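Chains as they are written, first to last, in this note's numbering: chain W, 1 to 115; chain U, 116 to 228.
No lab work stands behind these hints, which were simulated from the structure alone. Quick caveat, the model's predicted, so the values are computed rather than measured. Yeah, the Cβ is synthetic: ideal placement off N, Cα and C, and Gly gets one too. One or more of the hints may lead you astray.
[Unchecked claim] 27 Å max Cα-Cα, derived BS3-like pairs, lysine-lysine: (1) W/Lys1 x W/Lys68; (2) W/Lys42 x U/Lys211; (3) U/Lys145 x U/Lys211; (4) W/Lys42 x U/Lys128; (5) U/Lys211 x U/Lys167; (6) U/Lys145 x U/Lys167; (7) W/Lys68 x U/Lys211; (8) W/Lys42 x U/Lys145; (9) U/Lys211 x W/Lys1.
[As the list claims (entries may be wrong)] Which stretches of chain W does chain U cover? Using the computed rule of at least three CB atoms under 8 Å from a CB of chain U, they are: (10) 40-51; (11) 103-113.
Listed below are the residues making up each chain.
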Amino acid sequence: KQEVTQIPAALSVPEGENLVLNCSFTDSAIYNLQWFRQDPGKGLTSLLLIQSSQREQTSGRLNASLDKSSGRSTLYIAASQPGDSATYLCAVRVDRGSTLGRLYFGRGTQLTVWP
Amino acid sequence: DAGVTQSPTHLIKTRGQHVTLRCSPISGHKSVSWYQQVLGQGPQFIFQYYEKEERGRGNFPDRFSARQFPNYSSELNVNALLLGDSALYLCASSLKGMNTEAFFGQGTRLTVV
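Just chain W, with the same shape it has in the complex (with noise of 0.2 Å):
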C-alpha cells in the first residue's frame, strides 16, 4: 500500500525566506505527482504536477522535483510571502493493478509565513 509522508508537519518562517517542503512515498510505481495549496476549508489548488519520467517542474516562485527512484519529492518556495500561508499537501498517482488513477496524499505541511 502506498504511504506517503510530509515532513515537516508545521512551518513557521519570516517573510522572504526560500523553503523547502519534503515528501516522500513508499511505492515508486507512480504515473505522477502533485503537489496542491489548501487554505482553511477550502478546496485543493493544483500547484505543480510532474508526469513519472520528469524530474522537476516550475511555476514562478515554485519549484518541485521528483527522484522516483527513491521516493522523494521537494517543493521550494523561493522568496516567501504571507500570502504563501496555507496547508501545502503532496499527492501520488499509482500506476498499479486496480488502484489506477486514485490519488495517495500526505497530511500536509502547514505553512506560516509573518511579515
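Start from chain W and add chain U according to the hints.
Just chain U now, kept in the frame of chain W:
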C-alpha cells in the same frame, strides 16, 4: 472557464439520514473522483469514475455510493449517516483517467449531528 463546481457548500444532517452531494467537472473532463478529508488529515480516496463507469473504489463501506451521468457530472450518496462521516467531501476532475492533472472543487462541508 468554470472550474469544478460542487453543491451544496455546507450541509448539516442528523445521524441515520441520507445525503447526496453533487459535482460538475471542468468542461471536457471525463474523469471524476471523490475524496473525503477529515480535519487534520489528507484526503482519502472514495471513488473514481471515467466515461460513466466506476474505475476505482477506496476502503469505504457500502453506505457510500456514486454515479456519473452522461454529461459527466457526478453524485456521491451516503446512507445511514454516522457522526464519523462529518468531513469535507472533495470532487476532482481530470481530462483522462490516470496521467493527467487533477483539479479539485471547493468541497462540501458535511456535519452530522
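Going down the list of hints, with the structure as the test:
1. Straight-line distance between C-alpha atoms of lysine 1 of chain W and lysine 68 of chain W comes to about 16 Å, which keeps the hinted pair within the 27 Å bound.
2. The straight-line distance between the Cα atoms of lysine 42 of chain W and lysine 211 of chain U is roughly 24 Å, inside the 27 Å bound, and the hint therefore holds.
3. Pair hint lysine 145 of chain U plus lysine 211 of chain U holds up; C-alpha atoms about 6 Å apart against a cutoff of 27 Å.
4. Distance check on the hinted pair: lysine 42 of chain W and lysine 128 of chain U sit about 20 Å apart at the alpha-carbon level, within 27 Å; holds.
5. Taking the CA atoms of lysine 211 of chain U and lysine 167 of chain U, the gap is about 12 Å. The hint holds against a cut of 27 Å.
6. For a cut-off of 27 Å, the pair hint linking lysine 145 of chain U to lysine 167 of chain U stands: about 8 Å separates their Cα positions.
7. At most 27 Å may separate the alpha-carbon atoms for a hinted pair to count; lysine 68 of chain W and lysine 211 of chain U meet this at roughly 22 Å.
8. Distance check on the hinted pair: lysine 42 of chain W and lysine 145 of chain U sit about 23 Å apart at the alpha-carbon level, within 27 Å; holds.
9. In summary, the hint linking lysine 211 of chain U to lysine 1 of chain W is supported, as the alpha carbons are separated by about 23 Å, within the 27 Å threshold.
10. Interface restraint, the region 40-51 of chain W with chain U: holds (8 residues with C-beta to C-beta distance below 8 Å; minimum three).
11. For the region 103-113 of chain W, the assignment as covered by chain U holds, since 6 residues bring a beta-carbon within under 8 Å of that chain's beta-carbons and 3 suffice.
The structure meets every hint from the earlier list without exception.
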